[in-house]
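There are 2 protein chains.
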Amino acid sequence: MTDVEPLLAAADAARPAMRKASAATRADWLDAVADALDEARDELVPLAREETHLPEARLTGELGRTTFQARLFAEGLRTGELTPVRVDPEDPGWGMGPRPELRRTVVPIGPVLVFAAGNFPFAFSVFGGDTVSALAAGCPVVLKAHPGHPRLSRRTAGVVVDALRAAGAPDGAFGLIEGVEESITVLRDPRIRAAGFTGSTAGGRALFDIAASRPDPIPFYGELGSVNPVVVTPAGWAERGTAIAGEWVGSLTLGAGQFCTNPGVILVPDADAFVAAVEPPVPGRMLSESMERNLAARVDEVAALPAVHRAAQSEPNDQGVRTTVLAVSAPEVMADPRALDVEMFGPAGLVVGYSSQDELDAVLRLVPGQLTGTIQAHSTDDDPVARHVAGALEDRAGRIVYNAWPTGVTVSGAQHHGGPWPSTTAPTSTSVGLAAISRWQRPVTYQGAPASVLPPELR
Amino acid sequence: MTDVEPLLAAADAARPAMRKASAATRADWLDAVADALDEARDELVPLAREETHLPEARLTGELGRTTFQARLFAEGLRTGELTPVRVDPEDPGWGMGPRPELRRTVVPIGPVLVFAAGNFPFAFSVFGGDTVSALAAGCPVVLKAHPGHPRLSRRTAGVVVDALRAAGAPDGAFGLIEGVEESITVLRDPRIRAAGFTGSTAGGRALFDIAASRPDPIPFYGELGSVNPVVVTPAGWAERGTAIAGEWVGSLTLGAGQFCTNPGVILVPDADAFVAAVEPPVPGRMLSESMERNLAARVDEVAALPAVHRAAQSEPNDQGVRTTVLAVSAPEVMADPRALDVEMFGPAGLVVGYSSQDELDAVLRLVPGQLTGTIQAHSTDDDPVARHVAGALEDRAGRIVYNAWPTGVTVSGAQHHGGPWPSTTAPTSTSVGLAAISRWQRPVTYQGAPASVLPPELR
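Protein chains in written order, with this note's numbering: chain A, 1 to 459; chain B, 1 to 459.
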């Protein structure tokens with residue numbers, strides 16, 4: 001096992017300087033890294049291509065998304081949006097007794113551990129959303145590289161470290177580790193004050209349990225699995241059922257289906273007709289052989305459930321992976337809802353046929369917490385079922401997508417990428433969008449302190 | 001064991017109506033309960049007096065604080081401050097690709113379990129801050145009564161239930177349970193989506209572990225123990241050391257010392273002179289015999305540590321409880337810092353003498369996470385040490401009190417009552433002040449949905 005102590009010590013030593021750095025200074029750091037990564041594109045993208053088998057256009061776009069995200073956080077720091085302060089003036093007439101002056105700011109929670117994801121080698125990896133939001137908050141970051149793209153991770157980390165140093169950030173602001181054992185040692189270390197994770201429910205749960213069972217438990221922000229249900233309303237079906245089937249397969253197989261927002265379950269009024277309209281394409285190459293094996297195992301698991309049947313499949317790709325469509329009826333899945341809780345990570349989906357609104361409601365009640373829920377309704381905006389379905393989805397998902405598809409998560413202020421367990425371990429927080437920074441910020445209120453004592457942002 | 005099933009079923013059944021109730025409607029519910037509690041004052045205060053031994057004036061004041069708090073949340077609901085929405089318009093030119101319209105709201109996290117505290121029979125009990133903020137968020141509340149004031153709890157719950165019903169809130173919006181086993185059954189129930197707790201570190205930790213080990217872990221907001229360090233700077237000491245000693249003992253013995261913000265540790269430049277200036281008063285009667293026994297055990301535990309000595313004590317009160325002041329030097333406590341981690345809940349404090357800023361820094365680094373940290377500095381606002389101490393306290397506490405005392409936590413927008421472990425289980429959240437509502441709110445973002453599908457607040 002590699003010795004993680006020097007890196008932990010450096011992260012801890014970086015704390016005071018990180019806290020003292022102004023929001024504008026931290027913004028400069030993020031911009032510097034974004035510029036350096038853009039400049040290294042011609043080196044990084046081919047590395048990513050070799051290790052992940054993802055197409056060049058996708059990877060170039062993803063790197064662009066990654067640096068855009070960093071610059072968006074930088075902008076939010078400069079405008080003050082990401083460093084909220086609130087002042088309550090002294091009030092001798094306050095209803096519960098005289099109120100002293102209170103000034104609230106946010107401080108970095110401390111060094112954080114971020115686990116990189118495998119399916120976004122840039123946007124959810126070394127300098128992905130968790131890293132960027134934590135650095136924006138002023139937290140030193142220890143990044144656990146994903147084993148799926150080790151050379152890209154090391155090279156990206158090299159660019160990040162060099163750019164941060166050149167921009168004047170303290171040593172220890174960012175460090176890379178590899179290895180599961182190493183990451184668990186770091187997760188248990190008292191100097192680490194929070195952790196972020198994007199990945200499988202099983203892996204995330206194991207790490208959550210470690211974080212929660214520390215002598216000093218820490219927040220663990222895990223973004224885990226989802227089947228991202230799609231509801232096709234009767235009116236939507238009647239108007240454009242065939243088109244919806246085509247769009248669904250497109251979303252389901254985008255990036256070989258390897259997205260946490262992949263629409264893995266679709267509820268339709270006529271399952272047979274829907275399946276007949278589906279033309280499953282030969283999927284792109286998956287990230288790794290272990291992903292291929294895992295997909296096959298999950299598809300077999302769901303297909304083996306009572307009443308689930310294999311409804312359609314594509315020809316295999318060069319690695320033998322096919323796009324697979326399974327099907328089941330609402331009453332059948334109500335009798336055995338396990339199929340609604342298995343994420344078939346990859347180009348595979350389950351069609352659930354419902355024949356009444358009662359059946360639709362009953363199935364939705366059996367779906368556990370989700371990152372997204374999608375409504376495919378009539379295009380006229382007065383579909384009588386759509387509002388009802390939105391309410392049901394809202395009760396279990398973090399984002400409701402209307403007449404569009406859940407894959408593709410834009411980074412912006414109003415974005416929310418989260419949801420109840422098992423989609424995340426922290427249902428009140430988001431891992432995408434500007435609000436992601438609040439996971440790493442701890443409020444502190446100053447009571448009655450003069451300007452000479454206040455931190456600069458509160459003066 | 002009492003059957004908690006009917007109450008859980010009612011809370012779960014209340015969910016849809018609670019979600020559909022507008023912010024203004026929920027505000028009306030809170031106001032109705034506040035009015036009813038104020039009207040019941042002459043019945044409730046004597047009950048509280050009998051069960052808690054707290055003085056009438058304190059209890060009357062606390063009930064006033066409690067109803068003020070409910071009305072403040074009601075006002076925040078009406079102004080929109082507590083129901084934040086954010087809209088990002090569609091933007092075809094967005095830097096990472098066309099952005100769809102996103103509208104974010106917050107929805108109730110679901111039924112919550114609240115554990116009442118013993119030391120505030122109104123403000124942190126049946127209709128205390130956790131209950132009020134959860135109801136404000138639209139969450140049904142199951143309230144676990146504190147065994148220290150069972151009759152008051154039942155009577156208060158009766159007033160709450162009647163007032164909610166009369167105001168049109170759904171049945172199941174609020175319910176009372178008693179008993180540890182009962183509360184654990186509720187905490188493990190999948191219908192409960194979050195929990196709040198105010199009490200001891202040991203009790204809170206045990207419940208946190210249950211919440212975290214559920215098949216579906218839920219947020220557990222525990223406000224636990226603190227020693228609330230006070231630093232007297234050399235200049236503050238030179239200017240008004242004797243006055244500070246008197247004020248400290250006043251804060252330390254307020255309410256018989258039974259506050260989570262009790263200033264249990266004070267760092268002073270001259271421990272002997274400080275102790276000589278302290279005149280420990282005979283304490284008021286504590287809440288219960290078990291509190292008396294626990295205080296004696298904790299004082300004995302700290303006094304038995306190497307180099308800690310009993311420096312001053314009062315005459316005993318009728319129950320035999322004395323105000324106790326222990327003392328130790330900074331180098332001694334640096335050699336064995338256990339005394340900094342024991343909350344002597346009651347009228348007891350530890351004086352730590354430091355002889356240099358290095359010693360002061362070293363001791364503060366050994367103090368674990370705290371609700372508050374206090375600075376007693378020179379009155380001229382240009383005390384050279386004060387800013388430095390503020391930075392050290394900010395690193396481990398949620399509220400920095402300047403030339404005042406930490407007991408007495410006002411409820412307002414900029415308040416923060418929280419801190420790193422072990423002062424809480426959730427360092428990014430507060431249990432006092434308007435921001436407490438966000439613990440019970442889950443964001444949901446609508447993407448591209450027409451007005452007919454959006455919830456009213458997003459239209």
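Simulated from the structure, these hints should not be mistaken for lab results.
It cannot be assumed that every hint is accurate.
Copies of the same chain look alike in the list, so a pair counts if it fits in one copy or across any two.
Here are the simulated lysine to any residue pairs, SDA-like style, with alpha carbons at most 20 angstroms apart [unchecked claim]:
| no. | residue 1 | residue 2 |
| --- | --- | --- |
| 1 | K20 | R365 |
| 2 | K20 | A271 |
| 3 | K20 | V385 |
| 4 | K20 | T201 |
| 5 | K20 | E332 |
| 6 | K20 | V180 |
| 7 | K20 | R396 |
Where does the structure disagree with the numbered hints, that is, which hint numbers, in rising order? 2, 4, 5 and 6
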